[in-house]
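Novice: Each chain, written out:
2 protein chains.
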Amino acid sequence: MEDMRISPAVPRGSPAKEQQAAGVGILLQIMMLVLSFVLGHVLRRHRFYYLPEASASLLIGLIVGALANISNTETSIRAWFNFHEEFFFLFLLPPIIFQSGFSLQPKPFFSNFGAIVTFAIFGTFVASVVTGILVYLAGVTYLIYKLPFVECLMFGALISATDPVTVLSIFQELGTDVNLYALVFGESVLNDAMAISLYRTMSLVRSNMSSGQNFFMVVVRFLETFVGSMSAGVGVGFTSALLFKYAGLDIDNLQNLECCLFVLFPYFSYMLAEGLGLSGIVSILFTGIVMKHYSFSNLSDKSQKFVSAFFHLISSLAETFVFIYMGFDIAMEQHSWSHIGFIFFSILFIGIARAANVFSCAYLVNLVRPAHRKIPMKHQKALWYSGLRGAMAFALALQSVHDLPEGHGQTIFTATTAIVVLTVLLIGGSTGTMLEALQVVGDDHDTLGESFDTNNGYRAPTYEGESSSGNRFKMKLKELSKSTASFTAFDKNYLTPFFTSQNGDEDEHDELFGDSRGGGYG
Amino acid sequence: MEDMRISPAVPRGSPAKEQQAAGVGILLQIMMLVLSFVLGHVLRRHRFYYLPEASASLLIGLIVGALANISNTETSIRAWFNFHEEFFFLFLLPPIIFQSGFSLQPKPFFSNFGAIVTFAIFGTFVASVVTGILVYLAGVTYLIYKLPFVECLMFGALISATDPVTVLSIFQELGTDVNLYALVFGESVLNDAMAISLYRTMSLVRSNMSSGQNFFMVVVRFLETFVGSMSAGVGVGFTSALLFKYAGLDIDNLQNLECCLFVLFPYFSYMLAEGLGLSGIVSILFTGIVMKHYSFSNLSDKSQKFVSAFFHLISSLAETFVFIYMGFDIAMEQHSWSHIGFIFFSILFIGIARAANVFSCAYLVNLVRPAHRKIPMKHQKALWYSGLRGAMAFALALQSVHDLPEGHGQTIFTATTAIVVLTVLLIGGSTGTMLEALQVVGDDHDTLGESFDTNNGYRAPTYEGESSSGNRFKMKLKELSKSTASFTAFDKNYLTPFFTSQNGDEDEHDELFGDSRGGGYG
Numbered sequence: 001m002e003d004m005r006i007s008p009a010v011p012r013g014s015p016a017k018e019q020q021a022a023g024v025g026i027l028l029q030i031m032m033l034v035l036s037f038v039l040g041h042v043l044r045r046h047r048f049y050y051l052p053e054a055s056a057s058l059l060i061g062l063i064v065g066a067l068a069n070i071s072n073t074e075t076s077i078r079a080w081f082n083f084h085e086e087f088f089f090l091f092l093l094p095p096i097i098f099q100s101g102f103s104l105q106p107k108p109f110f111s112n113f114g115a116i117v118t119f120a121i122f123g124t125f126v127a128s129v130v131t132g133i134l135v136y137l138a139g140v141t142y143l144i145y146k147l148p149f150v151e152c153l154m155f156g157a158l159i160s161a162t163d164p165v166t167v168l169s170i171f172q173e174l175g176t177d178v179n180l181y182a183l184v185f186g187e188s189v190l191n192d193a194m195a196i197s198l199y200r201t202m203s204l205v206r207s208n209m210s211s212g213q214n215f216f217m218v219v220v221r222f223l224e225t226f227v228g229s230m231s232a233g234v235g236v237g238f239t240s241a242l243l244f245k246y247a248g249l250d251i252d253n254l255q256n257l258e259c260c261l262f263v264l265f266p267y268f269s270y271m272l273a274e275g276l277g278l279s280g281i282v283s284i285l286f287t288g289i290v291m292k293h294y295s296f297s298n299l300s301d302k303s304q305k306f307v308s309a310f311f312h313l314i315s316s317l318a319e320t321f322v323f324i325y326m327g328f329d330i331a332m333e334q335h336s337w338s339h340i341g342f343i344f345f346s347i348l349f350i351g352i353a354r355a356a357n358v359f360s361c362a363y364l365v366n367l368v369r370p371a372h373r374k375i376p377m378k379h380q381k382a383l384w385y386s387g388l389r390g391a392m393a394f395a396l397a398l399q400s401v402h403d404l405p406e407g408h409g410q411t412i413f414t415a416t417t418a419i420v421v422l423t424v425l426l427i428g429g430s431t432g433t434m435l436e437a438l439q440v441v442g443d444d445h446d447t448l449g450e451s452f453d454t455n456n457g458y459r460a461p462t463y464e465g466e467s468s469s470g471n472r473f474k475m476k477l478k479e480l481s482k483s484t485a486s487f488t489a490f491d492k493n494y495l496t497p498f499f500t501s502q503n504g505d506e507d508e509h510d511e512l513f514g515d516s517r518g519g520g521y522g
Numbered sequence: 001m002e003d004m005r006i007s008p009a010v011p012r013g014s015p016a017k018e019q020q021a022a023g024v025g026i027l028l029q030i031m032m033l034v035l036s037f038v039l040g041h042v043l044r045r046h047r048f049y050y051l052p053e054a055s056a057s058l059l060i061g062l063i064v065g066a067l068a069n070i071s072n073t074e075t076s077i078r079a080w081f082n083f084h085e086e087f088f089f090l091f092l093l094p095p096i097i098f099q100s101g102f103s104l105q106p107k108p109f110f111s112n113f114g115a116i117v118t119f120a121i122f123g124t125f126v127a128s129v130v131t132g133i134l135v136y137l138a139g140v141t142y143l144i145y146k147l148p149f150v151e152c153l154m155f156g157a158l159i160s161a162t163d164p165v166t167v168l169s170i171f172q173e174l175g176t177d178v179n180l181y182a183l184v185f186g187e188s189v190l191n192d193a194m195a196i197s198l199y200r201t202m203s204l205v206r207s208n209m210s211s212g213q214n215f216f217m218v219v220v221r222f223l224e225t226f227v228g229s230m231s232a233g234v235g236v237g238f239t240s241a242l243l244f245k246y247a248g249l250d251i252d253n254l255q256n257l258e259c260c261l262f263v264l265f266p267y268f269s270y271m272l273a274e275g276l277g278l279s280g281i282v283s284i285l286f287t288g289i290v291m292k293h294y295s296f297s298n299l300s301d302k303s304q305k306f307v308s309a310f311f312h313l314i315s316s317l318a319e320t321f322v323f324i325y326m327g328f329d330i331a332m333e334q335h336s337w338s339h340i341g342f343i344f345f346s347i348l349f350i351g352i353a354r355a356a357n358v359f360s361c362a363y364l365v366n367l368v369r370p371a372h373r374k375i376p377m378k379h380q381k382a383l384w385y386s387g388l389r390g391a392m393a394f395a396l397a398l399q400s401v402h403d404l405p406e407g408h409g410q411t412i413f414t415a416t417t418a419i420v421v422l423t424v425l426l427i428g429g430s431t432g433t434m435l436e437a438l439q440v441v442g443d444d445h446d447t448l449g450e451s452f453d454t455n456n457g458y459r460a461p462t463y464e465g466e467s468s469s470g471n472r473f474k475m476k477l478k479e480l481s482k483s484t485a486s487f488t489a490f491d492k493n494y495l496t497p498f499f500t501s502q503n504g505d506e507d508e509h510d511e512l513f514g515d516s517r518g519g520g521y522g
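Read top to bottom, the protein sequences are chains A and B. Heads up, the final residue of the first sequence is numbered 522 in full-length UniProt numbering, and it's a clean run with no missing numbers. Heads up, the final residue of the second sequence is numbered 522 in full-length UniProt numbering, and it's a clean run with no missing numbers.
Next up, chain A with everything else stripped away, as it sits in the complex (with noise of 0.2 Å):
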């Protein structure tokens, strides 16, 4: 009865007071999220580089966790912000990475296909390789805390994810380059995948103990399902293009069932991978690609301004609420701050680790590329400070505490929470700065538009008039860059005509491949 007087609605203990709970959690964190738009937009409008929106909302966090932490909340309440993985890798990660995809210029992007994915994958693995035995070492020589040689390696995966979101929204803000652009952002897109498959590989290897012999499998395994999961992308993508062509959907009182439908898609393709044991992120990054070239000029006027604006206005929600989740969680979580040394060395090792990767494969690159089309050194001291790691990192480390015994997890993910706030505030809030001392800012774009518009595709004859110092290596390299730049012809003849609705095509496309500048992606 005393219960009754005080609040009849809300009994202790009960599902009423467990909703209460949530609506004062899910209330915080609308108010962090409004904070940091507000925030973000009053710092982005006095053009104020040295605190980007996710380096806010980040902090915006960490302050209020700190506070919560102070002031004692409830732990039903507390609840509501510890970091699911599982929330994380199915409900804020899909819209971000679709936007990527959808928002993505596929010139620059296809055009550097070959060295977006030397990067993602021969890097990724190189860096994280480099990464593991330099941790193994360093405490091998007691130099910080003894990891065995598996779990290094498992910390060398997941630290070498590079996060996409604050980089390139400087990037986009300040206008660099769009090559630079489309290598900094194809390299984070796919490095996570590479990332998330060598870090279940090796916890997989770790759970066996079955070492050796199984690099190469591993190179093997992310192919398979990289090229699995993209098939599954790129077919959900042509099934939606066919869809919205033949069902005459483009009338105007059927828009919401349109957009119902266009919007279920990119989900459906997500988790048709994830189903299939594939890769969630790869298939969603190619149904945006393909959604955005064929499917979306198929729909109606207004469905398309809509659905441009929706995934826009979902992906810069979740892009904000990642950050913040992450900040209150890092500043709710316990950390285990006895091995500074650990945290100090591993910094070291993965800007170590991050050189190996881009500057070896930029050499690679390079050894294929004609003389004009090099990757410059400039771009590629650019690609390596761009390097911050994020949420991804952050996910997978905190999934290693639950995989690793002994504290070892923990270890890990407080380095790896150190590091993402270190880089995410540090790196995020001198990118304008860096890019401004390289010189890649600004005037590069008409370099864009003369190697580009003049040719009218993704550089086809540039290829065919190089042909010197033909070792087999780098003929297949070659070939591989061949078959990327007539893709574009057949697009435009087979393709294009098949997928969408032949009204005022010619224009159409090529608004497409435009319009992403405007300010669509982020």
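Since the hints were derived computationally from the structure, they do not count as laboratory data. Honestly, I wouldn't trust all of these hints.
Since copy identity is lost for identical chains, a pair holds within one copy or between any two.
To be verified - Straight-line distance between alpha carbons at most 25 Å, and here's what the computed SDA-like set of lysine to any residue pairs gives:
| id | residue 1 | residue 2 |
| --- | --- | --- |
| 1 | Lys305 | Gly175 |
| 2 | Lys17 | Pro370 |
| 3 | Lys17 | Val401 |
| 4 | Lys305 | Phe226 |
| 5 | Lys17 | Val227 |
| 6 | Lys17 | Val150 |
| 7 | Lys302 | Leu264 |
| 8 | Lys17 | Thr75 |
| 9 | Lys305 | His41 |
| 10 | Lys17 | Ile314 |
Put chain B on the given structure of chain A with help from the hints.
Specialist: Just chain B now, with coordinates in the frame of chain A:
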């Protein structure tokens, strides 16, 4: 190593495996969602009203659930289909209710406000008590399974929550009388809040076993909750109006920021109310009404189009998903069919209870209404018939399984499940026929045009002229009506100028009242 060879990325029982199960589960849900949308579209196109979209969704869920049951789907996948009350209350319900408020025609709603509140509060109370007493008496006389009196009242409360989705979509499709629409709509939205409140109070009474003397308290508490929630909702709505009026976000390139903030406000309102221990449903409903009326016109044109489409999209997805989700869960859950008599009689009893609700409340309302505005018998019959039970009753029944011991909750759950399926399929399927038989379809729109538009307000003058048979009770009721009516003038002279930007105000305002008719609601 065996595992390795088959699929290295997906070890059994690991997070990756769980994620794969989640992928399959969500994939299935998306497929059902797409199927529902397409089926609903086809049925509507062929004007087949015997299987409305909600019924179709429920059936799809039931069928797929039954198939999954037969085919022995893995438990990890099944876990993704269990109906979680929390998920329903926190994520599916808010968009549905907000869209109800956002697409509301304020004129008929407010002019019938007194009647709606009577039906929702007094009527639901009557219906709950009548159902509870009948079930108890039937139990005492060994007609059906005997439940304790308080549990009978809990059952009465939860089964009195009527569902707006199905009936209203048909009302809308066929174009029925606007006053009837407002009554059915308003009652079903508000009585959800009453039913929750009653259910929780009864649940508390049960655990404290201090019966009697609480009936009056329940009403008082409910009114407190109602007024508090309404104030919170209206407050958040007005805050948003002022923000969008003065923040200057209606510039072209800030559309995304504007939309992000606009989209967060309703959810903020819901969580604020829940966090305060009030009713989120009532709060978000009024936020919807206020935001449509004031904040909406402060947005840029593009954002206006976008947010309308956005809320429509999100609520359609949530609505359809609720029915699929419910159908699937019904097919998967264990039911105690031994109490078939309980089910049969409770269907009979809720029919009687709803009659007691509708006809007694209509009598009360008609006492104070002038002759030409009395609720006609055919509207009363339509109102009685429209009381189908949906997701709210289902969610509360599911909660009762946890709340009540000894299989009592199970009995209530099974009965509720049966009632939901029967009423959704039977009443949902026959609403079209019923509306035509009662002749409340189509032409009655003109009556509305006459009664509202000539007065240019909420019918204020009509009340002033009327003053016969003045007993105290009737006078009080009339005063309430009058205050509602004079609100129009207040709104026009003070609220609208204060909360909205003043450009082309009059037209915009009229358009606001008008356009929700066009197909906005649903």
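Novice: Indicate, hint by hint, whether the structure satisfies it.
Specialist: Right, here's what the structure says about each hint:
1. Within a single copy, lysine 305 and glycine 175 get their C-alpha atoms as close as 24 Å, which meets the 25 Å cut-off; across copies the closest is 30 Å, which misses it.
2. Proximity of lysine 17 and proline 370 under a CA criterion of 25 Å is satisfied in neither setting, with 67 Å inside one chain copy and 45 Å between copies.
3. When the C-alpha separation of lysine 17 and valine 401 is checked against a cutoff of 25 Å, the pair qualifies only between copies, where the shortest distance is 17 Å, while the shortest distance within a copy is 30 Å.
4. Within a single copy, lysine 305 and phenylalanine 226 get their C-alpha atoms no closer than 32 Å, and across copies no closer than 39 Å, so neither meets the 25 Å cut-off.
5. In this homomeric assembly, lysine 17 and valine 227 come within 25 Å of each other (Cα to Cα) only across copies, at 20 Å, whereas the closest approach inside a single copy is 48 Å.
6. When the C-alpha separation of lysine 17 and valine 150 is checked against a cutoff of 25 Å, the pair qualifies only between copies, where the shortest distance is 21 Å, while the shortest distance within a copy is 45 Å.
7. Taking the shortest Cα distances, lysine 302 and leucine 264 sit within 25 Å of each other both inside one copy (18 Å) and across copies (23 Å).
8. For the identical chains of this complex, lysine 17 and threonine 75 are intra-copy neighbours only, at 12 Å inside a copy versus 29 Å across copies, given an alpha-carbon limit of 25 Å.
9. In this assembly of identical chains, the alpha carbons of lysine 305 and histidine 41 lie at most 25 Å apart whether taken from the same copy (23 Å) or from different copies (22 Å).
10. In the homo-oligomer, the alpha carbons of lysine 17 and isoleucine 314 never lie at most 25 Å apart, since the shortest distance is 30 Å inside one protomer and 27 Å across protomers.
Figure legend: structure checked against the earlier numbered hints; hints not met, in rising order: 2, 4, 10.
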